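A.B. asks: From first to last, the protein sequence lines stand for chains G and E.
The first sequence finishes on residue 358 if you use the numbering used here, and the numbering steps up by one all the way, no holes.
The second sequence finishes on residue 314 if you use the numbering used here, and the numbering steps up by one all the way, no holes.
These are computed hints drawn from the structure, not numbers from a lab.
These numbers were taken from a predicted model, which means no experiment stands behind them.
It cannot be assumed that every hint is accurate.
Taking beta-carbon pairs under 8 Å as the criterion, some of the chain G residues facing chain E (in silico) [to be verified]: (1) Ile142; (2) Pro143; (3) Ala152; (4) Gln214; (5) Ile332; (6) Ile333.
Residues of chain E placed beyond 12 Å of chain G at every Cβ, according to the derived structure [as the list claims (entries may be wrong)]: (7) Ala201; (8) Val207; (9) Phe253; (10) Gly266; (11) Asn298.
Think of the CB as a built atom: it goes at the ideal place given N, C-alpha and C, for glycine as much as any other residue.
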Amino acid sequence: MTRFIVRRLLVTIPVLLGIIFIVFALARLIPGDPCRAVLGERATDAVCNDFIHRYGLDQPIPVQFGLYLQQLASGDLGSSIKHSQPVTELLVERLPTTVELTFWAMFLAIIVGIPLGLLSATRRNSIVDVGTMVFANFGVSIPVFVLGLILAFIFAILLKDTPFSLPPSGRLSSGVTVIPLVQVWGLKDLQGFPRGVLDFLSGIYTFSALITGQWGAWLDSFRHLILPAIALGTIPMAIVARITRSSLLEVLGQDFVRTARAKGLNERGVVLRHATRNALLPVVTVIGLQIGGLLSGAVLTETVFNLAGVGRTLVEAITGRDYVVIQGFTLIIAVIYLTANLLVDVSYGYLDPRVRPH
Amino acid sequence: MVAPATAGPLIGDPLAVAKPSNLWRDTLGNVFRQRSAVVGMVILTFLVLVAIFAPLIAPYDPNQGLLGVEEGVQKRAAPCIHLLGCAADKPEHIFGTDGNFRDVFSRVVFGTRISLTIGLAAITFAIVVGTLIGSIAGYVGGWADNILMRLMDVILAFPSLLLAIAIVVALGTGLDKALLAIGIVSVPIYARIVRSSVISAKENDYVTASRALGESPRGILFRRILPNSLTPLIVQGTLGIGTAVLEIAALTFIGVTGALDAAEWGSMIGLERSQLFSAPHIILAPGLAITLPVLGFNLLGDGLRDALDPRLNR
Numbered sequence: 001m002t003r004f005i006v007r008r009l010l011v012t013i014p015v016l017l018g019i020i021f022i023v024f025a026l027a028r029l030i031p032g033d034p035c036r037a038v039l040g041e042r043a044t045d046a047v048c049n050d051f052i053h054r055y056g057l058d059q060p061i062p063v064q065f066g067l068y069l070q071q072l073a074s075g076d077l078g079s080s081i082k083h084s085q086p087v088t089e090l091l092v093e094r095l096p097t098t099v100e101l102t103f104w105a106m107f108l109a110i111i112v113g114i115p116l117g118l119l120s121a122t123r124r125n126s127i128v129d130v131g132t133m134v135f136a137n138f139g140v141s142i143p144v145f146v147l148g149l150i151l152a153f154i155f156a157i158l159l160k161d162t163p164f165s166l167p168p169s170g171r172l173s174s175g176v177t178v179i180p181l182v183q184v185w186g187l188k189d190l191q192g193f194p195r196g197v198l199d200f201l202s203g204i205y206t207f208s209a210l211i212t213g214q215w216g217a218w219l220d221s222f223r224h225l226i227l228p229a230i231a232l233g234t235i236p237m238a239i240v241a242r243i244t245r246s247s248l249l250e251v252l253g254q255d256f257v258r259t260a261r262a263k264g265l266n267e268r269g270v271v272l273r274h275a276t277r278n279a280l281l282p283v284v285t286v287i288g289l290q291i292g293g294l295l296s297g298a299v300l301t302e303t304v305f306n307l308a309g310v311g312r313t314l315v316e317a318i319t320g321r322d323y324v325v326i327q328g329f330t331l332i333i334a335v336i337y338l339t340a341n342l343l344v345d346v347s348y349g350y351l352d353p354r355v356r357p358h
Numbered sequence: 001m002v003a004p005a006t007a008g009p010l011i012g013d014p015l016a017v018a019k020p021s022n023l024w025r026d027t028l029g030n031v032f033r034q035r036s037a038v039v040g041m042v043i044l045t046f047l048v049l050v051a052i053f054a055p056l057i058a059p060y061d062p063n064q065g066l067l068g069v070e071e072g073v074q075k076r077a078a079p080c081i082h083l084l085g086c087a088a089d090k091p092e093h094i095f096g097t098d099g100n101f102r103d104v105f106s107r108v109v110f111g112t113r114i115s116l117t118i119g120l121a122a123i124t125f126a127i128v129v130g131t132l133i134g135s136i137a138g139y140v141g142g143w144a145d146n147i148l149m150r151l152m153d154v155i156l157a158f159p160s161l162l163l164a165i166a167i168v169v170a171l172g173t174g175l176d177k178a179l180l181a182i183g184i185v186s187v188p189i190y191a192r193i194v195r196s197s198v199i200s201a202k203e204n205d206y207v208t209a210s211r212a213l214g215e216s217p218r219g220i221l222f223r224r225i226l227p228n229s230l231t232p233l234i235v236q237g238t239l240g241i242g243t244a245v246l247e248i249a250a251l252t253f254i255g256v257t258g259a260l261d262a263a264e265w266g267s268m269i270g271l272e273r274s275q276l277f278s279a280p281h282i283i284l285a286p287g288l289a290i291t292l293p294v295l296g297f298n299l300l301g302d303g304l305r306d307a308l309d310p311r312l313n314r
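So here's chain G without its partners, still in its complex pose (with noise of 0.2 Å):
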C-alpha cells in the first residue's frame, strides 16, 4: 500500500511541474498591458516602465519563469498588482468562502442523494424511483447559474416577507459579524503561518461561529449559505443519486445476497447490513472527482450570489490581468484537485482490496 502511495505521488510531481508551466504561459499569453490595466488607462509612460520593472516584467520570459519557480520554492506566491497585497493573503481571505460554499454543497449532495440513491434502487420503477431520476436528469442539465438566479427569485422575491424567505446574496447581513478566532482566544500577537492557519478558519464562519458560539452570527452565515450551496449541490447530488442507484442495483444481483437472504435475514438488514456497504465503493470515487466540477461551479455560483470567494477573485484577475493572483490561485486549485485525485485513487485501493496493488 505504501509503494502504491509512493507511486502515485512519484507521477504526481510531473503533472505538478506542467500545471505550474502551464499557468505561468497562460497568464503571459493574455493579451494586453498589465500597467495600464491596473494603474488605469492615463498611467504615463515613466509610471509604467517603473512598474514593469518593479515587478521584473521587462526581464526575459525564461529568466521570469526561473525567477518564479524560485519563488515558489520558498513558498512565496508572489505579491497581487492590484491589490498591492501578498497572494497568501488574498487567499486566507478568500479561499475560506469558497471553502465553507463548496463543502456545504457537497454535504447537501451527500445526505440527499444517497439516500435518494437508495430509495429509488430498493423500489426500483415505483414513482419514488422515476421521480429520482426525472430529477437526477433534470439537476444534471439546468447550469448552476441558472438555477442560482432561479432560487433567489423564489425565495427572495416570490417569497419575502414569508418566514422561509432567504437572502441572495452576500455571507453576512449587514451589522453582523463573526469575530475572529484570535481575537476570542486572545492571541492577537500571534504572528506568520499559525496566525494565517487561524485567520483562514475565523473565514470559515460556519465553522468559526460554531466553534466559539456565536449562534446569531452562526445561523445569519448559515442563511446566507443555504441558496448558494443547494445551487452548487444540485449537479452532485443528482450524479450521487445516480451511482447510488446503480451501484445498489448492481449489487443486490450478486450472489451473497442472494445468501443473506437465504439465511432469512429481513430484506433491511440486506439492503442497509449487506448492500450498501458494498454498493458505496463508486459513490465514494464519483463524490472524489466531483471536486473539480465544484471548483468550476464555484466560479459561477460567487458570480451569481455576490460572494468574495476564490473563482470570482480568479474570473476578477483574468480579465484585469493581474498576473501573479492568476498564477498563484490557479495554482492553488489545481494542487487541491490534484489532492483529491490523489485521495480518491488512494482511497479507492484501501477500501477495495481488489485494485490494491501488491
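Place chain E on chain G using the hints.
C.D. replies: Chain E in isolation, oriented as in the chain G frame:
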C-alpha cells in the same frame, strides 16, 4: 426499428429461414428500445427544427431594437400573449422584451442555432484531436505515450471552466474563441478513451493477422483498431455536447467572450442579470432554454450507452 407485434402463429414455420441479423438494424432497434434515448431524440429533433426554421418561427429580428419601429413597445415589458388575456392594444411578445426593446422570444429561438452549432463544433474538434493524440499514444506507446498522456493529465488538473476562461482571455474575445477553448479542455477525455481501446485492441489476433497479410500500419490503425473506439466515442461525444452547451453558456454569462450583444442564451442572462428582481422573464426564458438541449443530449447519451454497450445492461 422494433418489429410490429402482430399476432402470428404461435409455432414458427419450420421451413422459414431466420432473417440474417443486420448489425445496423439491431443496433438501431436497441437504441429505440431505450426510453431515455427516444425522449432525448424527440427533444433534440425539436431543437434542430427550431434552429433550422428560426427565421420562420421568430416573429422579430433577434437583434433589432423595436423602439420607434413598433408602436407601444416598452423596455423590459412583461410577457404579453393576446390569447391569455393580454390587452389587445399592446404588442404581443410571448417572452416579453429586453433592455434594448428586443423581442426575447425571437432571441431565444435564434439562440438555439448558436448553442447547437458551437456545442457540436467544439466536440467534433475535441474528438478529432483526441482521437489523433489517443491513437498515437496507444499505438506508438513508449515515450510518446508518456508525454502525450501527462500533457492530458495537466489539462485535466484544472477545473474545466477556469481553464476555458483563461484560454478565451488569452486567445482574445469572440464566440469562436470560446468554441476553441471548450474544444481544447474537452480533448483529454477522448484521448483517454481512444488510447485505452487502441491498447486493448492492438494485441488481438486479427490485428496480428492483418499485419502478417502486409497491411500498412496506418491501415491497421484506421481499419482494424480505431473502429473499436467508435462506441465509447459516440456515447461520450453525445454527453459531451451537452456539457459543451453548458460551458459556452457559462463563459458568455460571465462575459469573458465579449460578444455580449449576440442572441446567445448565456450572454442574454449575463447582460440582464441585475434585472432578476424587476424583469425575471428575461433571465428565466433563456435559462430554461439552455436546459433543454443539455437534457436532450444527456438522455440520448445515457440511452446510447445502455443500448450500445451490452456489458452495461442493467
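A.B. asks: Against this structure, judge whether each hint is valid.
C.D. replies: Okay, the hints, checked on the actual structure:
no. : hint   : in the structure
1   : Ile142 : 5 Å, holds
2   : Pro143 : 5 Å, holds
3   : Ala152 : 6 Å, holds
4   : Gln214 : 31 Å, violated
5   : Ile332 : 11 Å, violated
6   : Ile333 : 6 Å, holds
7   : Ala201 : 23 Å, holds
8   : Val207 : 28 Å, holds
9   : Phe253 : 5 Å, violated
10  : Gly266 : 8 Å, violated
11  : Asn298 : 6 Å, violated
In summary, the structure is inconsistent with hints 4, 5, 9, 10, 11 from the numbered list given earlier, while agreeing with the others.
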